[in-house]
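Asker: Below are the chains, spelled out letter by letter.
Protein chains: 2
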Amino acid sequence: MKALAIDLGGTHATCAVLDDRTILAEEVVSTDGTQGLKPVLPLFAQTFRKLLQETGVATNDCAGLAFSFCGLADTRIGRVVSTNQKYDDAVGIDFTGWSKKEFGIPLRIENDARMALLGECYAGAARGFDDVVMTTLGTGIGGAAMIGGMLVRGKHAQAGCLGGHLPVLFNGRTCTCGNIGCPEAEAAGWSLPLVARDWPGYVDSALGKDEPVNFEKLFRHAEQGDLVATALRDRCLSIWAASATGLIHAYDPEIVVYGGGVMKSADIIIPFVQAYVEKHAWTPWGKVKVKAAELGNNAGLLGAIPLLLEPR
Amino acid sequence: MKALAIDLGGTHATCAVLDDRTILAEEVVSTDGTQGLKPVLPLFAQTFRKLLQETGVATNDCAGLAFSFCGLADTRIGRVVSTNQKYDDAVGIDFTGWSKKEFGIPLRIENDARMALLGECYAGAARGFDDVVMTTLGTGIGGAAMIGGMLVRGKHAQAGCLGGHLPVLFNGRTCTCGNIGCPEAEAAGWSLPLVARDWPGYVDSALGKDEPVNFEKLFRHAEQGDLVATALRDRCLSIWAASATGLIHAYDPEIVVYGGGVMKSADIIIPFVQAYVEKHAWTPWGKVKVKAAELGNNAGLLGAIPLLLEPR
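Chains S and X, in that order, are what the protein sequence lines are. Counting from 2, one number per residue, gives the positions in the first sequence under the working numbering. Counting from 2, one number per residue, gives the positions in the second sequence under the working numbering.
Hints are not guaranteed to be accurate.
One copy or two, it doesn't matter: identical chains are merged, so the pair holds either way.
As the list claims (entries may be wrong) - Using 20 Å as the maximum straight-line C-alpha spacing, the simulated SDA-like pairs for lysine to any residue come out as follows:
| # | residue 1 | residue 2 |
| --- | --- | --- |
| 1 | 87 | 283 |
| 2 | 156 | 123 |
| 3 | 156 | 80 |
| 4 | 87 | 285 |
| 5 | 290 | 179 |
Just so you know, these hints were derived from the structure itself, not from any lab. These numbers were taken from a predicted model, which means no experiment stands behind them.
With the rest of the complex left out, here is chain S (with noise of 0.2 Å):
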C-alpha cells in the first residue's frame, strides 16, 4: 500500500512517498514555526509532486496523505486544536480540504507523538504488541498511548499525549504547560539547566564548568565521576523511571518505548527503568517491557500506513 506522509516539526519538515514499510523517497523542506503554516503548504504540494515524479508513483495509487503534526490534532475532525507557539494558525486551516484540492486523496492528521508511536508499532520497537506508551525524552517530554490497538484519544484529542505532564513532584517546578512538578518540568532539555543550576555544588562542579548544560554532557560528566553530574543524572533517571511506572498504570501497557535525543544514553536509560518498574510497577500478570525506540526520526513518517488504515 502506497501512501504520501509528512512529518512537520518546529524548524523543517519532512515529505515523503510510502510503500508499506518502505520510505521510496523523501526530501526535508526548511520551515519557520513561528512564520506559520499556512505560507508552506504550496511547497509541501510540490515536494510531494517532484516526489512522486521520482518514484514513479501516482498520486490516485496512494490511499492517502498522513500529516504529522507538531501540536495537538483531532484526526476525526481532521484539525489541529492546539498549538504550542508553533504553527499557531494551523488551528484554522481545512487540512483534508488542501488535501483533496492538490491531490485528490484523503487526508488524516495526527499528533507527532501518536505519529511516531504508530510508526514503532507497524515497523519499530513495538512490533506484534497492541498495549503501547511512548515516551520521547528530548527538550520536551512528548508521548502516546495505544490500548487493544487503539490510539488512545480522549474527548478533547489531548488523552495519552501528556505523559509528560503527570506530575511527579507536587511540591515540584512549574511546568510551561501551567501544571506543576511535571516530569518535562523536572527532567527534559529545557528544564535540565534550571534544575542544574539549583544544585548544591553546581557552579564549582565540571559540569557547572561546561554551560550550557544538556543531557549529553550530564551523562558524560557522570561517567566522567563528577559528583554533581552523577547526582543529577539519577533523579533524572529516578524521575523517568516513576513516570513511567504511572504511565503503565496509567494505560495497561505491554512495552514501554523511548525515543528522543535523550536517547543517546539509551544505554543507561532503559535498564534503568526496566529494573524500576519491573520492581515498582504493579502488575500482577507479568512484566512490561522497556525498549528504546528503533526508527528514530522515520518513526511519524511509517505512522502514515497504519493511519491511513485506521477504522474511523
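With chain S held as given, fit chain X onto it using these hints.
Answerer: Chain X in isolation, oriented as in the chain S frame:
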C-alpha cells in the same frame, strides 16, 4: 429494565433488585474477605430469591446480574484477575456459570470503582457525561476512567483503576502496591497516620494527642487551628489536586467525581481541587468540572444497568 446487582466489599455484600435507577429492594449480607468467596455464594443466591419474591420480580424479567467486586476483574472474560487480600479464591470462580445455574440469566462482573463510575454516570454526579474520571478517597485511593462512554480497561483490565497509584512524589513513601510516592501512600486513610507520625511537632500537637489519626480528626483539628493538622491537611489537598491534574492529563475527561469516606469534608476538598485544576491543568478546550459523588454506597449497585447494557 430490571436487574439483579451485588456490591461486594471486604466485610459485607449488598444484594439488590433494580428497576432502572430505582433500587426496588436490597439486603446486606455479612461476609469475610479473608475466608473466601465460595462459601458465601449460596447465601447470595438465597438472598436474591428472597428479594425477588418480596418485589414480585421474576428472574427471567431481569436483564442479568451485575457483580461489583473489590479487586481487579475482567468483565470481558467474566473473571476476577487479581485480588488484594480479600476473597483470594475469587480468581478461580466461574461467575457466569454460577449465575446461569442459579438464575438462568447472564452475569457481568466488574471492579467496584468502575461500577461506582458507571453508577454516577447513570444516576448521579456525572449524568450526561461520557468522559469521566472517578476517584474514591478512603482507606485507599480507588479510581476509574471513562472515555467516550466506554470504561477504560486496558489489556489486563488494570487501566483506569490505578489512579491512586500514579506517583506524585517520585522520592516519597513506599506504597502497598510496591510503587513509590503514590497518592495512596502519601494521603490516604492507611498512610495518613504514618505521614503524621513523621511530621515535625506532631507528638505535641492537638492531632498527635488524639490518636488514632484519621481524616475526620485531621480536618477537625485543622479547622480548630492546630498548626500540624493544618499543614498536613494542606499537604493532602495539594496531593489530591496534583493527582487530579495528572488524571485529567491522562484521560482527558470533562468531569472528575470524588467519592469515598473522606468526602465528608467535600466542602473543603472539592473547591480546593476545582481551583487547582482550573489553574494548573492544561485544557485549552475549557474547564474540567470537579464534583462530589451523589450516590454514596448505592453507586456500585446503580452501575448494574449500564454494565449489562454495555456493547460486547
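Asker: If a hint holds in the structure, say so; if it does not, say that too.
Answerer: Structure-based check of each hint:
| no. | hint | in the structure |
| --- | --- | --- |
| 1 | 87 <-> 283 | between (38 Å within a copy, 17 Å between copies) |
| 2 | 156 <-> 123 | between (25 Å within a copy, 19 Å between copies) |
| 3 | 156 <-> 80 | within (14 Å within a copy, 30 Å between copies) |
| 4 | 87 <-> 285 | between (42 Å within a copy, 15 Å between copies) |
| 5 | 290 <-> 179 | between (32 Å within a copy, 18 Å between copies) |
In the structure shown, no violation is registered for any of the earlier numbered hints.
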